[in-house]
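Chemist: Please build the complex by placing chains B and C on the supplied structure of chain A, with the hints as guidance.
Protein sequences, first through last, are from chains A, B and C. Going by my numbering, 150 is the number at position 150 of the first sequence; the sequence numbering is gapless. Going by my numbering, 95 is the number at position 95 of the second sequence; the sequence numbering is gapless. Going by my numbering, 7 is the number at position 7 of the third sequence; the sequence numbering is gapless.
What the hints contain is simulated information worked out from the structure, not anything from laboratory work. Treat the hints with care, since some could be wrong.
Every beta carbon over 10 Å from chain A, so not counted as near; a handful from chain C, in silico [what the hints assert, rightly or not]:
1) 239
2) 253
3) 280
4) 340
Ranges between beta-carbon positions, derived for each pair [stated by the list, open to error]:
5) A/114 with C/22: 42 to 52 Å
6) A/32 with B/360: 21 to 31 Å
7) B/241 with A/114: 41 to 51 Å
8) C/81 with A/201: 26 to 36 Å
9) C/22 with A/102: 38 to 48 Å
10) B/139 with A/45: 47 to 57 Å
11) A/179 with C/275: 44 to 54 Å
12) C/296 with A/179: 39 to 49 Å
Mimicking SDA-like on lysine to any residue, the simulated pairs with C-alpha atoms at most 25 Å apart in a straight line are [stated by the list, open to error]:
13) B/241 with A/147
14) B/142 with B/243
15) B/243 with A/62
In this text the structure is predicted, and so the values were computed from the model without any measurement. We put the CB at the ideal spot given by N, CA and C, even for glycine.
Residue-level listing of the chains:
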Amino acid sequence: MRAAMNTKRNLVTAALVAPAAAWLTVFLVLPFIAMLVFAFGERAPEGGYQVAFTFAQFANLPTRAAAFWNTLLLAPTGALLCLIVAYPVAYYLAVKANPRYRLILVSLVVVPFWTSLLVRTYAWMYILGSRGIPNLLSMIGIEDVRMLNTPGAVLLGIVYGYLPLMIMPIYVSLERLDRRLLEASADLGAKPVSTFFGVTLPLSLPGVMTGVALVTILLLGEYLIPQLLGGGKVFFIGNALVDLFLQSRNWPFGSAIAVTLVAVVVVVLMVAMRIAWRVAGTRQVDLV
Amino acid sequence: MTKWYRDNAPITADRLADELMRLKRGSVTRRHFLGVTGLGLATAVLARQPGLFNSTAFAEELGTQMSIATWPNYHDPATFEAFTAATGVAVEVNVFGSNEEMLAKLQAGGTGWDLFVPTNYTISTYVKLGLIDELDMAKLPKYDASTENPRFTNEGIVDGKTYAVPKNWGTTGIAVNSSKIKTPVASWKDFFEVAMTEADGRTMVHDYQLTTIGNALVSLGFSFNSVKPEELAKAEELLIKVKPHLYAINSDYQPAMRATDAWMTMCWTNDGAQLNRDMPEIKFVLGKDGGEIWSDFYAIPNSAANKAAGYALLNYLMAPENAVKEHIANGAPTTDSRVMKLLPAEVTSNKIVYPDEAALTPLEFGAAVTLTDPGRAELMARFKAA
Amino acid sequence: MTSASTNDIEFRSVAKRYGSVTAVSDINLAVPQGAFVALLGPSGCGKTTCLRMIGGFEQPSEGMVYIGGQPMNGVPAYRRPVNMVFQQYALFPHLDVEQNVAYGLKQMRPRAATAEIVRRTQEALEMVRLGGFGKRRIHEMSGGQQQRVALARAIVNKPKVLLLDEPLAALDKKLRTAMQIELQSLQRELGITFLLVTHDQEEALSMSDLVCVMSTGRVVQMGPPQEIYDRPASLFVADFVGKTNRIAATIEPGAGSVRLANGVGLSKPARANGTVGAAMVAVRPEAISLVRNGTATLQGTVTHRMFLGSTVEYSVEVEGLGDFLVTADRRNESELAEPGERIGLNFDPNAMHVFPA
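Just chain A, same shape as in the assembly (with noise of 0.2 Å):
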């Protein structure tokens, strides 16, 4: 009786979880050992992959040392730099708003992200182009200023676009929090700074670090906004695997270097994952 019923739990479950396992073996996990094998292959003459059992790709892994660099460099930076912008702006949303206008502000954030980032950053192309604010920095006698495809455009790109999936863990954690504690430490004499860094920031990390992870992963794998705000030259991973899959045709070098992305992102994972749980362990308030 019991065994059948287990059965029958077993079933359902399996059910439940068998469209997801197939979405991610034929999507995820067939492609990643196809990767694992193309990095260990050859570049066929004319280009593509052929079979050879070699380390050659991951010996030539320092010469995208650069990327690497630019990408490890500007991920964190990027996400640190939309941190500091995101927080007053989650903390505006979820502490000071009226709640009877919060719903909207809140769709504000969300909104302009419904549109594809390309036509957003595109935007920006002509922002910073010769026609946006240089011409009218010109117009106050600032010739020729140039600011598209430099390291701070990206930058600049990268925090608007990512901004969203900043503000929104932020905010979350931001309007759970339990205003009496607020209150509470008021009332122990902690001015309103005090209580901002004693207790506001330190009960949002968890939200803090689900963006900064968040964030910082998704970046490792950015190549639009570097192509289109950086001109090409700012170069991170995902454009040198643009590179190698659309123009040299190095599958076996592109697999190497993604399969070392894969390795990487998945260390900042862990590392974030064990920072955020030790912060939200100490979450779990006995509230009754």
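Modeler: Below, chains B and C without anything else, positioned relative to chain A:
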């Protein structure tokens, strides 16, 4: 109008808005887009609605949909609209920034292209890899081999079989904004020097190994097509030295040149003609130390889903009365004497489009080996990733 | 009204409005130094609003609030010499027990020496009998322990007044009783004023020196627990504080009598004022005794019996007056009755509280 849209600005506010809306819908015809992404991700669907005068029988035979892979700003959109009106076949346009990209896509498979526009030096590789078939000339009655200039047709013929027919020819020269740059630029040597001095931060090179590496080689006194490791090493050294001074590495240089974000760029004939037509201060010069002369071809991938439509469009484009409109619109020189006769004098006398033979003498056609040479491919990738 | 100097907390004509909603109005209240005062009332009566105005989380719309004789209007919460034990404690989940308790000490300016902070933290924890629990995380503590942490956190800064917002509401009955005793002794030990907000009349009566009963945003009676219980100022207080039987009646003028709705006449209680006409009479259940002879004031039928341990509660239906609640001492055998039994109800007319209807 404010200064914003004044002098030579080809894009008006309305047009910018319109363009963004089109981008938003995922259908883009403008070159900025695909060239910039370097991916050929977006496509433009021109004239989807069937024409008014199409014959039903014809439409059934040709289907209602086809796709072409080509270069940015290389066609008159009216041409495809007219073709759709005549046949009922809507043409989807995919735009690319390098031959390597096209090859990569075809190698990966599943492109869905029924017609594409490879450059001379790639044809033999496509044949070798079995990616294109011999053309069935019976389906191209409008093509006349006898009126074509053999200088530009021979690479479409491999082992006596015609695999591709020419679209137009051209050169890769230097476009320079003379109102911003006073130093005379007459060679690739000048180009790279000015790029690091007067045009610092304002120079563009192609996201394309053939021309970017080729012109760097030329500036150093080597062959445009060199694959010799020691010569490539010197070229790499130069490119990496120049890189911090560049505005962008991008085959889509027209918007930046028009906006005067960039002041100097590697430039194809047709773009040079277009830029100079709209902004006379942008001059187009050929390197006196060398550079590229090229011809582009039409070919049909053997993976084409709708070969009938591919042939129909190709035949349509081969008709001189249609081709002439294309040439006037895109500004590239023709290979076909029938078209030449139809072109207005101001086009045929334009020295950018039809330079003196002497200016062409130092130029080289791209060599097939450059397409697949791993040394060049890897050099380009390293240069970009540096 | 006594002078502000001897009162730790004083409200003068305080009102608080939220838009068009009036939470409290015309509150005049004086909490003497060192007293244990309960603000008692049903939910929505404004007692928590009063507490929050003392804590500094709300500002009065009208009137003045004084703490230790100092006007507090406009003074932020973090500058007030009071501390609060919040409903459901509001402990900081990211800090351990010790850090929670030390939180207030760390806010002192100029900064307190670390050794001093440690010493006072331990002292406070000892005081609530949580010595040795300092390194525990909050979520590892039981409800009762969390309550003690909240207490320790609130007293560590030695406030003039300790505010307690329904502090025992979340505890089970047994723990609640234990904590009531503990709170009382803690208050004596600290010698500071405790102001407790509660809706539990038993809690208010058992713990405090003074009970302030509130209803619909106003103070309806304030006095020692016994006085509140024995001499309710209104039918509401009689009803809300303890159990009561309400009898419709008419008061006849002169030396006359109290005529109950069923026609039974009783002599007027000594402390009844000059009320004449329609009235309500309140009689506590324990003031009524069950009798089996004919001299009973009222006759009725026992409908229910509830055994409560030391006492037994009867519901007795009296014709024309409805159900009466009667509490009988279990040891008094003559008072034991069976449901269905006819029985007489007897009470001293002086046990009656007469209120105008």
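Chemist: Run every hint past the structure and note whether it holds.
Modeler: These are the hints, each one checked on the structure:
1. 239: holds, 30 Å
2. 253: holds, 55 Å
3. 280: holds, 40 Å
4. 340: Label holds. Min Cβ-Cβ 43 Å, cutoff 10 Å.
5. A/114 with C/22: 42 to 52 Å: Distance hint for residue 114 of chain A, residue 22 of chain C holds at roughly 45 Å.
6. A/32 with B/360: 21 to 31 Å: The hinted range 21 to 31 Å is violated for residue 32 of chain A and residue 360 of chain B, with Cβ atoms some 51 Å apart.
7. B/241 with A/114: 41 to 51 Å: holds, 44 Å
8. C/81 with A/201: 26 to 36 Å: holds, 27 Å
9. C/22 with A/102: 38 to 48 Å: violated, 27 Å
10. B/139 with A/45: 47 to 57 Å: violated, 33 Å
11. A/179 with C/275: 44 to 54 Å: holds, 48 Å
12. C/296 with A/179: 39 to 49 Å: violated, 58 Å
13. B/241 with A/147: It holds: about 21 Å lies between the C-alpha atoms, which stays within 25 Å.
14. B/142 with B/243: violated, 46 Å
15. B/243 with A/62: Holds - the C-alpha atoms of residue 62 of chain A and residue 243 of chain B are around 19 Å apart, at most 25 Å.
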